[in-house]
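S.K.: Protein chains in written order, with our numbering: chain A, 1 to 257; chain B, 1 to 190.
Hints should not be assumed to be uniformly reliable.
What the hints assert, rightly or not - For the chain A half of the interface with chain B, some residues (derived, Cβ under 10 Å), not all of them: (1) Ala33; (2) Ser48; (3) Gly54; (4) Val137; (5) Ala138; (6) Glu150; (7) Gly163; (8) Phe166; (9) Glu204; (10) Thr217; (11) Asp218; (12) Ile247.
Claimed, not checked - Taking lysine-lysine and the DSSO-like style, the derived pairs with C-alpha atoms no more than 30 Å apart in a straight line are: (13) B/Lys64 / B/Lys2; (14) B/Lys114 / A/Lys7; (15) A/Lys102 / A/Lys205; (16) B/Lys188 / B/Lys97; (17) B/Lys114 / B/Lys46; (18) A/Lys7 / B/Lys97.
Derived by calculation from the structure, the hints in this document are not laboratory data.
Every residue, glycine too, gets a C-beta built ideally from N, C-alpha and C.
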Amino acid sequence: MNPLLAKMGVSGVNMEGKDVRFGLAGSSLFTVATTGTSCGAVNTMLDSLTPIGGMIPLSLILTGEVVFGGVGSGLYTMLAFAIIAVFVSGLMIGRTPEYLGKKIEVAEMWLSILVILTAGVMVLVLSGIAMITPSAVASMANPGAHGLSEVLYAMASMANNNGSAFAGLNANVNFYNLLGSLAMLLGRYVPAIAVLAMAGSLAEKKYIPPSLGTLPTDRAPFVVWLVLVIVIIGALTFFPALALGPIVEHLTMLGGN
Amino acid sequence: MKDLKPAVLLFVSFTIICGGIYPALVTGLAQAVFPIQAKGSFITDKNGKEIGSTLIGQPFSDPKYFWSRPSGTSDFGYNPMASGGSNAGPTNHDYLKAVEDRIRALRDTGVTGKIPADLVQASASGLDSHISPEAAALQIVRVAKARGVSEMAVTQLVTQVTEDRQFGILGEPRVNVLMLNLALDGVKTH
Numbered sequence: 001m002n003p004l005l006a007k008m009g010v011s012g013v014n015m016e017g018k019d020v021r022f023g024l025a026g027s028s029l030f031t032v033a034t035t036g037t038s039c040g041a042v043n044t045m046l047d048s049l050t051p052i053g054g055m056i057p058l059s060l061i062l063t064g065e066v067v068f069g070g071v072g073s074g075l076y077t078m079l080a081f082a083i084i085a086v087f088v089s090g091l092m093i094g095r096t097p098e099y100l101g102k103k104i105e106v107a108e109m110w111l112s113i114l115v116i117l118t119a120g121v122m123v124l125v126l127s128g129i130a131m132i133t134p135s136a137v138a139s140m141a142n143p144g145a146h147g148l149s150e151v152l153y154a155m156a157s158m159a160n161n162n163g164s165a166f167a168g169l170n171a172n173v174n175f176y177n178l179l180g181s182l183a184m185l186l187g188r189y190v191p192a193i194a195v196l197a198m199a200g201s202l203a204e205k206k207y208i209p210p211s212l213g214t215l216p217t218d219r220a221p222f223v224v225w226l227v228l229v230i231v232i233i234g235a236l237t238f239f240p241a242l243a244l245g246p247i248v249e250h251l252t253m254l255g256g257n
Numbered sequence: 001m002k003d004l005k006p007a008v009l010l011f012v013s014f015t016i017i018c019g020g021i022y023p024a025l026v027t028g029l030a031q032a033v034f035p036i037q038a039k040g041s042f043i044t045d046k047n048g049k050e051i052g053s054t055l056i057g058q059p060f061s062d063p064k065y066f067w068s069r070p071s072g073t074s075d076f077g078y079n080p081m082a083s084g085g086s087n088a089g090p091t092n093h094d095y096l097k098a099v100e101d102r103i104r105a106l107r108d109t110g111v112t113g114k115i116p117a118d119l120v121q122a123s124a125s126g127l128d129s130h131i132s133p134e135a136a137a138l139q140i141v142r143v144a145k146a147r148g149v150s151e152m153a154v155t156q157l158v159t160q161v162t163e164d165r166q167f168g169i170l171g172e173p174r175v176n177v178l179m180l181n182l183a184l185d186g187v188k189t190h
């Protein structure tokens, strides 16, 4: 519910950008399903979601659409996260970092960092450039913090191969066409190439049977750890940007402005 | 060179399968099994003339009809050639002012109490053919008065047209505005 509308005597959930037959549940489920996997279809206008409501699909895209089984490349992003999780936990508890019987070494670490950070760096740098470019700012459909959310979402969607949008932003201007193509080219192909390189490097290594020093990666603790690693990396990378966009808008909305 | 033959063969056969056979099969099946839905869920009157679609909303402004939701389509509301939402953010001042105007317009018709959100907020498609049962209930007094019929009779009609969740779980309860207005006018539809 949008409190600014509640004040005017409106009841019920925020229905801007939602069709009655889908309602809140159908709209939210569809939105999360298509942004968690790299699908990008919508049954809701994401731009009109409440600030935190809009931050959810944005965050799902920013963490790399790691819900695998989708139409995109979720599985390999998840594998890169798994390798990072193995490495970090290995450092913390003093075990040899290995995954599925293969030693994780410097090359794999570099490559998995490329997989995970390329899109994020593209999103943040390009959104930053957009904020100081008058023609990019003029494309925003909504003023203030929501405008930043629109730009962030556009860059995130392009760099992570999603395709949905905060559609108020007029992206058909030279700025977004040019920088967007750069985001798509680097955000999509650099991780793909890095993953292929990692596959080659791992294939060449000898299989090491699990020993006492091996961290089991098929148990519940590792699953929890992996999820935490994804959340921590996502939060560290994007929290400042999200704080300036959806979070600040949420607070101003609650404050009655 | 020997790689070329299977590549060309696959290209040609998949073009035929995916580009010809599959679409033809699906179109044929749809026309045979769901003919009405496949043609666009058109509503026809007793002379067989098409008067609308159950899926594409239409705007109403006459007090004796139930009103549809606001629409954010470009050029004009309920523009079927430009399906889309308003894309207005929840804290946009121009948008809040627009909602305030819609609320005032409803209040001018004698509405008191809380107003259901779907009646003052634009839909995703801009062509939403439904309103919530609450939004219909809110308009019963106005419609009954404008038509000079009892509120009971209108309420009964609204209940008749109200659809529940599909299979009991999918979607939300809803009222198809066009079907309701046609029922009000006593138009027989097919």
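S.K.: Which of the numbered hints are not met once you compare them with the structure shown?
M.R.: Result: hints 1, 4, 5, 7, 9, 10, 11, 12, 13, 16, 17 break, sorted rising.
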